[in-house]
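*Asks:* Sequence:
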Amino acid sequence: MAEEAAASLELKLAAFGMLKYAAIAAGFGLGFAAGLCGIGQGLSVKSAMEGIARNPEASGKITVGMIIGLAMIEALTIYSLVVALIILFADPFKAVHIILG
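Be aware that the sequence shown starts at 8, since it is given in my numbering, and climbs by one per residue.
In short, the hints are calculated from the structure, not lab data. Computed from a predicted model, the values in this text were never measured in an experiment. Be a bit skeptical, because a hint or two may be false.
Stated by the list, open to error - Distance windows between CB atoms, simulated:
#, residue 1, residue 2, range
1, Pro-63, Ala-30, 42 to 52 Å
2, Ala-41, Gly-72, 20 to 30 Å
3, Gly-76, Gly-38, 38 to 48 Å
4, Glu-17, Tyr-86, 30 to 40 Å
5, Glu-64, Tyr-28, 53 to 63 Å
6, Glu-64, Leu-92, 38 to 48 Å
7, Gly-42, Ile-74, 17 to 27 Å
8, Gln-48, Leu-95, 39 to 49 Å
9, Thr-70, Gly-34, 26 to 36 Å
10, Ala-82, Lys-53, 12 to 22 Å
11, Ile-75, Phe-39, 44 to 54 Å
12, Ala-78, Gly-36, 16 to 26 Å
13, Ile-46, Ser-66, 21 to 31 Å
14, Gly-72, Ala-97, 35 to 45 Å
Ideal Cβ placement from N, Cα and C applies to all residues, glycine included.
Assemble the whole structure, with the sequences as input and the hints as a guide.
*Replies:* Okay, structure coming up:
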């Protein structure tokens, strides 16, 4: 009985340590993704505005291309959010919890 309690406590401490590192990794990953995607979006809009300033007649095509590009860049941020949520809410110790009861 005491051995099971000690194993359960050890498992809980390991799970807490894993959750701590998972939260740090998710935060850094999402922060980097959001920051770099923001830089990419800014550069994309800057280039599109320069292109429209040089050739105003092509503004429709440039705008459509820019919006599609911005959607692709934003999708990367959303994917990193999904990965961060999976890292935070996945339970790597689920099988051990089931075995120990």
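*Asks:* Just pull the numbers of the violated hints for me, sorted ascending.
*Replies:* 3, 8 and 11
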